[in-house]
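Participant: Work out the full structure: start from the sequences and follow the hints.
When the letters of the sequence shown are read in order and numbered with the numbering used here, they come out as residues 58 to 547.
Hints in this document: simulated from the structure, not taken from any laboratory.
Since this is a predicted model, take the numbers as computed values, not measurements.
A few of these clues could be false.
[Said to hold, decoys possible] What follows is a set of in silico ranges between Cβ atoms, one per label pair, in the way DEER data are often shown: (1) Glu199 with Tyr516: 26 to 32 Å; (2) Arg98 with His378: 42 to 48 Å; (3) Arg321 with Val102: 36 to 42 Å; (4) Val122 with Val74: 47 to 53 Å; (5) His378 with Thr105: 37 to 43 Å.
C-beta atoms are modelled at their ideal positions from N, C-alpha and C, and glycine is treated no differently.
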Amino acid sequence: MGKTCASTLALSAPFPVQYLALMSRYGRGDLGVMDSGQSVRSAIVSATPSSLALIGCSIALYLLVTVLGKVIVRGQGSIGHLLAAAPLSALPGIWVGLLSVYFLSYRWAVLPATHAQSVAIPAVGSRLWLSTLTASPLTLLEDATRHFALPVVALTFVAFAAQAQVWDGTAGSGFDSPAGALAHLLRSFPALLGGLAPVETLFRWNGLGALFVTSLRGGDYALGLGILLASSVCGATLLALADGIEPKIDTGKMFSTPSRRGARYGFGTLLVIACFVAVVPLLPSGPIDLGGLGGSNAPPRLALPGSPAWFYLLGTDSTGHSVLMWVTYGGRLALALAIASALLAIVIARLDALPRRVTAIQIVLDALNSTFRATPYLLLLAVLQSFISANRTWLVVVLAGTAAGLVVSRQRHNGWTLRTLPHVVASLLLIQSAVDFLGVGVRAPLVTWGAGLANSTDYMAWGNWWWWFFPGLFLAVAAISLRACPGPSG
Numbered sequence: 058m059g060k061t062c063a064s065t066l067a068l069s070a071p072f073p074v075q076y077l078a079l080m081s082r083y084g085r086g087d088l089g090v091m092d093s094g095q096s097v098r099s100a101i102v103s104a105t106p107s108s109l110a111l112i113g114c115s116i117a118l119y120l121l122v123t124v125l126g127k128v129i130v131r132g133q134g135s136i137g138h139l140l141a142a143a144p145l146s147a148l149p150g151i152w153v154g155l156l157s158v159y160f161l162s163y164r165w166a167v168l169p170a171t172h173a174q175s176v177a178i179p180a181v182g183s184r185l186w187l188s189t190l191t192a193s194p195l196t197l198l199e200d201a202t203r204h205f206a207l208p209v210v211a212l213t214f215v216a217f218a219a220q221a222q223v224w225d226g227t228a229g230s231g232f233d234s235p236a237g238a239l240a241h242l243l244r245s246f247p248a249l250l251g252g253l254a255p256v257e258t259l260f261r262w263n264g265l266g267a268l269f270v271t272s273l274r275g276g277d278y279a280l281g282l283g284i285l286l287a288s289s290v291c292g293a294t295l296l297a298l299a300d301g302i303e304p305k306i307d308t309g310k311m312f313s314t315p316s317r318r319g320a321r322y323g324f325g326t327l328l329v330i331a332c333f334v335a336v337v338p339l340l341p342s343g344p345i346d347l348g349g350l351g352g353s354n355a356p357p358r359l360a361l362p363g364s365p366a367w368f369y370l371l372g373t374d375s376t377g378h379s380v381l382m383w384v385t386y387g388g389r390l391a392l393a394l395a396i397a398s399a400l401l402a403i404v405i406a407r408l409d410a411l412p413r414r415v416t417a418i419q420i421v422l423d424a425l426n427s428t429f430r431a432t433p434y435l436l437l438l439a440v441l442q443s444f445i446s447a448n449r450t451w452l453v454v455v456l457a458g459t460a461a462g463l464v465v466s467r468q469r470h471n472g473w474t475l476r477t478l479p480h481v482v483a484s485l486l487l488i489q490s491a492v493d494f495l496g497v498g499v500r501a502p503l504v505t506w507g508a509g510l511a512n513s514t515d516y517m518a519w520g521n522w523w524w525w526f527f528p529g530l531f532l533a534v535a536a537i538s539l540r541a542c543p544g545p546s547g
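Facilitator: So this is what it looks like as structure tokens:
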């Protein structure tokens, strides 16, 4: 951490003094200074237009798909039923984005994979390249559209996932009225702001999300906290506006009850995954061959337990590490963190059932609930985890503490039941995987499914699809299976 950041945050002073100094500066509108000497406010202002353009296009695409969906299902339900039927809230958006980049950019070369525009643009019908300074407006528009396509679709996927969560939370209330639909869209804005971080990191977009991740990786916490504060103020303002539009909508019933067949499939798939990550490392693999079968970048191959190739069933990475072992050990830690954090979060949330005279506990839980609703949860968790080392105990405490507000909100409307657990585990599994993908969560030598997706675009051009495909596949199947388990019905 640089001297400028340490001075800005008054890190040499006691914690109460640090907190009061920070709140005093924020109250005056002073967000501090970056390690480079640039004002945090000016850095945020300069990065905001790129993110606003991405959000605006994503909302436009979301509204277009919603309108088309209403036309398609007219007389057969509403667009909300499509949200409820699709596993949008359980699919890891990062993995879906990686799939789109791999096929549309690297395999088929249809769309560019990174940045908002080209440095040089190919002239129409010619092998010559034009500078962006001399290209026509129509050519520039076409180039920008091609660069915007994948990031906009990825962020729109985040918007639909957030709306699917709201659909569960309101039992479909308000989706058919314009005012209710607008209120729901505003309530999902904190999730959309949080989604900027992984989307802009994946597509190397020069916006607030990428700036936020860069600040945390580089230890420039003044900038990271400034972006978190600005996002939280924006989220709180939009939530207040949404409550003014539709104050009667209940956002606490966050679960629906799936079919019994879906629940059986969910439990069965979870059992298979649990057995896989627990048993596979114990199976005999024969002698480990670091020269032939286990060379760097070896592709997946069919093999039976006990054969020399079994250890390399899912291929290897650039250093010859087995992807199979990465998936199994990463699955162990990812599931263990999510389950332990969910249990601890539920224990914390159960304090809400104490008599109302315990006002201190109620104040803390109310603050957690309000923070969860207004703050981009992914950004908050990333900031907190960037302050700690890769200690598993602290990871559980931070993840559970920030998730307690989520559980309190759901518990106050649905009551306490053990059926809450699978859905909370699914949410924490996905959010922790996103933080690991950003590189500020679980760090080496520990591995998780989310960490397996990190830096994927750096080696995707090599054609080594198995490095990121299998961790993402297991993450997606586990999250969908958890969401398929029955939860408290609205």
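Participant: All hints are to be evaluated individually against the structure, with a verdict given for each.
Facilitator: So, going through the hints one by one against the coordinates:
no., hint, verdict
1, Glu199 with Tyr516: 26 to 32 Å, "holds (29 Å)"
2, Arg98 with His378: 42 to 48 Å, "holds (43 Å)"
3, Arg321 with Val102: 36 to 42 Å, "violated (53 Å)"
4, Val122 with Val74: 47 to 53 Å, "holds (50 Å)"
5, His378 with Thr105: 37 to 43 Å, "holds (40 Å)"
This entry does not satisfy hint 3, going by the numbered hints stated previously; all others are met.
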